Amino acid sequence: MVVGQKGNPAVSQVTQAGCGQAEPGDVVLEARRLVKQFPGLRALDGVDLQLRRGEIQGLVGQNGAGKSTLIKILTGALAPDAGTIWRNGRPVRYRSPAEAAADGIAVVHQELSLVPALTAAENLFLGRPYPRRARSPLIDWSALRHEAREVLARLHPGIPLDVPVGRLSPALQTLVAIARALALQASVLILDEPTASLTDQEVRHLFSVLSQLRCQGHSILYVSHRLREILELCDRVTVLRDGRVVASLPTSQLDGPELVRLMTGRQPDASRPARRRPAAGSPVLEVQGLCGHRLNGVSFTVLRGEIVGIAGLTGSGRSELLRLLAGAQRPRVGRILLDGRPAVLRSPQIALRLGVAMVPEERRAQALIPAASLKENISLAHLDAHALAGWVVRARAEERAVRSLVTQLRIRAAHLDQPVSQLSGGNQQKAVFARFLVRPPKVLLLDEPTRGVDVATKFQIYDIIRDLADQGTAVVMASSEFDELLGLSDRILVLHEGALMASVDARATTEEHLSALMYRRRST
Amino acid sequence: MTTPPAPSAPAAPDQTTADGWLPPSGLQSAALHGGRWPAGLRVARYGTFLGFVGIVALFSVLRPDAFLSPANLRNVLEQVAILGIVTATMTIVMVAGDFDLSLGSLASLAGVVAATLLLSGVPSPAAVLMTLGLGAAAGALNGILVAYLGLSAFVTTLATMTAFRGLALWYTDGATLFGLPEGFLALGQGRIGAVPVPVLVMAGALLLSWAVLTHTTTGRRWYAVGGNPEAAFLSGVNVRKMRLAAFVISGVGAALAGVVLTSRLASAHPLAGEPFMLASIAAVFLGMTMFKEGQPNVAGSTVGVLILGVLSNGLNILQVNTYIQDVLTGLIIVGAVLVSRLAGQRR
Chain A
422 MVVGQKGNPA VSQVTQAGCG QAEPGDVVLE ARRLVKQFPG LRALDGVDLQ
472 LRRGEIQGLV GQNGAGKSTL IKILTGALAP DAGTIWRNGR PVRYRSPAEA
522 AADGIAVVHQ ELSLVPALTA AENLFLGRPY PRRARSPLID WSALRHEARE
572 VLARLHPGIP LDVPVGRLSP ALQTLVAIAR ALALQASVLI LDEPTASLTD
622 QEVRHLFSVL SQLRCQGHSI LYVSHRLREI LELCDRVTVL RDGRVVASLP
672 TSQLDGPELV RLMTGRQPDA SRPARRRPAA GSPVLEVQGL CGHRLNGVSF
722 TVLRGEIVGI AGLTGSGRSE LLRLLAGAQR PRVGRILLDG RPAVLRSPQI
772 ALRLGVAMVP EERRAQALIP AASLKENISL AHLDAHALAG WVVRARAEER
822 AVRSLVTQLR IRAAHLDQPV SQLSGGNQQK AVFARFLVRP PKVLLLDEPT
872 RGVDVATKFQ IYDIIRDLAD QGTAVVMASS EFDELLGLSD RILVLHEGAL
922 MASVDARATT EEHLSALMYR RRST
Chain B
-2 MTTPPAPSAP AAPDQTTADG WLPPSGLQSA ALHGGRWPAG LRVARYGTFL
48 GFVGIVALFS VLRPDAFLSP ANLRNVLEQV AILGIVTATM TIVMVAGDFD
98 LSLGSLASLA GVVAATLLLS GVPSPAAVLM TLGLGAAAGA LNGILVAYLG
148 LSAFVTTLAT MTAFRGLALW YTDGATLFGL PEGFLALGQG RIGAVPVPVL
198 VMAGALLLSW AVLTHTTTGR RWYAVGGNPE AAFLSGVNVR KMRLAAFVIS
248 GVGAALAGVV LTSRLASAHP LAGEPFMLAS IAAVFLGMTM FKEGQPNVAG
298 STVGVLILGV LSNGLNILQV NTYIQDVLTG LIIVGAVLVS RLAGQRR
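Which chain is which? The protein sequence lines are A and B, in order.
End of the first sequence = 945 in the working numbering, gap-free, step of one.
End of the second sequence = 344 in the working numbering, gap-free, step of one.
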């Protein structure tokens, strides 16, 4: 490869360092007593961290525990107020992520920092010079493709070089982002929630790639909310709570409940939500032969007070089904009945009026008005509920309604006029829930309701969902988390390539059975 | 509300009541009442306003006799009246996330149309109403192209700006229309008490758009659409309708400004409204530096209008070259936005 940077020892001495249970290598990246103070918040309070060669280290903690701040400091995006960073035994001070990258430290972010319109090959060369034809300013495309193919093949043979990465699946995009870090000769990879939008099988593949990188002497700091993945993949786990390291232990000494206890400081009762008694109300939502772009003739019924889970791989039509039911997209064919009467859901406005609300999948892109206050975000969907003649907002009534929801859902904010963008992910998600509870909906559609939310908030959200169902709301919940589907649903519908494959009783099924149904007829 | 039999969450210490969704913890609800902006942010919010006060103070010190006289202050208000009207509605369009480059030439066209109607004997009130109707139609044209046909606001209003200007020039052949009836001139030149009528119209327009933006569901929806159209859509806001409505209103605002301007000048020139478009965008941007996470807002826009007005008035009194005045205005706009940006980053 024609990379100008200094060769780095971790990559050249490949193959010997720690595979699996081998003894840990030298410390390649270390944080000593890092402190970072934000107005009103001590984000990091004396954090120590050691990352060794050939190690995958998990970094966990609830939202607000200081993970993001730590990553930003390690990669030069933020300067610490106190404390030092050591790289291969030497103290360093990165003034920007570019400097950290030049020193072999790369981050693959939750929101991937790829340019969607460029191809995988072009993305690999962002941030470093494209190969040139001899003595000319023109790009040597064949050399570029050749190099790109070499790097990408290390991770996945199926990554197309010439397709804009925006059109690749989230899983392949993650791999391209990792490939880019590798192409930059990074020996330390920091992965921030890399599996947030991956299916189970894609997660498998990513893990085998990461294990392989570990064998080649790379060090990986793996940040995730998904504790099971942490326990499966990592050699060591470091737990942050309120800006301090509360534990840094070999994975063999940890299990799920213990991790939750360390993260929250409390004793967990169970790793999944408790079941409720099955619902037996009248049908609220009936779907008959619904077709969209992907969805192909789906029919089912949801009873009053029932929680129906939707399982399926990315692209199975999960999200589209919810969008169709929420009026955000028009069906090609098919009928939707509410309380036995045909309903034409032309827009979310009409759906809401008929009592159908949706908490969408992407909080930041689809749900929040970031510059608006917590109050304005919550009252958006039902503004007329506290407006004179549906037009003049009655400030007092609005504030009262919002405050009672904020209290009910335990949303933590300095005050109601705080911009919602300043809240933590979990509180933001609860604010989105609150928006649709100003008038409790007849049908509540949930798309990945706990994505990117810390453990404690997760369980609060489960309680919210269960309480709503107990009050008679019919809940349809798409999720890629098995614990959530199995623990919360009464019934689970399995979608596969746009068709309804099965409807199973959540109490009588297992994770294995569910994933077998999801992958049916898939060759890979 | 009942709690399910076995709450499975890692139970929070204060989650002990049987009342379902968790009682308020005293601390939290106290915080909800007494919340305030952090001190650093407050300075950033008022920086532009302080700048305005500074400019006024500077001119007051340099030329106390000329600048601070009641006659001159009234003069300033009269000079900014037209800009204020245009800015009131430009703020709304910008709140909804778009902007309208056609405002200035639409104001000119409206003036020409109003003058033509008056000269052909249509009574003043009817002529004014018809002109406002034309403004609404022109705004609707912009709105339909942008909100329903999906063109970018920039391209659309750039095109209609050119077309409106062309229409006005073609109709008048570049000439100025004179000889408007006395009754009509009261709108731009009359006074109620000591206050010039255009100033009252400006105050009305600003007050109305402030009230609508801050106290009605319509205003809230405009802010939501401007903040995140997809989220607004999924929350039941009719995004297209809201964007269309904003353009219609800005069309009416431009027509109103054109009518008042024509009355004030007692004549209609096909390019008379041109300078107001850029100035009103500048005023809204100045105002955005003052409040609310950098969103457009009427109070801020008003200060923006006053800054531009005071600046031009004061520099005139100091007999600064008019071309240099433009340079200074540009520098001050960049300076204000820069200061608020730097202050914002320190958070």
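Keep in mind the hints are simulated off the structure, nothing from the lab.
Being a predicted model, the structure only gives us computed values, none of them experimental.
Careful: at least some of the hints might be erroneous.
From the structure, some residues in chain A lie toward chain B, with a derived Cβ separation under 8 Å [to be verified]:
1. A764
2. V765
3. S768
4. Q770
5. L773
6. A792
7. W812
Note that the Cβ used here is the ideal one computed from N, Cα and C, for glycine as well.
The hints, checked one at a time:
Given hint, A764 (chain A) at the interface with chain B, is violated; its Cβ is 15 Å from that chain's nearest Cβ, farther than 8 Å. With its C-beta approaching chain B no nearer than about 16 Å, V765 (chain A) sits outside the 8 Å limit, and its interface hint is violated. Evaluation of the S768 (chain A) hint against chain B yields a held restraint, the C-beta minimum of about 7 Å falling below 8 Å. Interface restraint check for Q770 (chain A): the shortest CB-CB distance to chain B comes to about 4 Å, inside 8 Å, so the restraint holds.
Among the interface hints, the one on L773 (chain A) holds; its C-beta lies about 4 Å from the nearest C-beta in chain B, closer than the 8 Å criterion. Interface restraint check: A792 (chain A) against chain B, minimum CB-CB distance 4 Å, threshold 8 Å, status holds. Satisfaction of the interface hint for W812 (chain A) is found here, the shortest Cβ-Cβ separation to chain B being roughly 5 Å, below the 8 Å cut-off.
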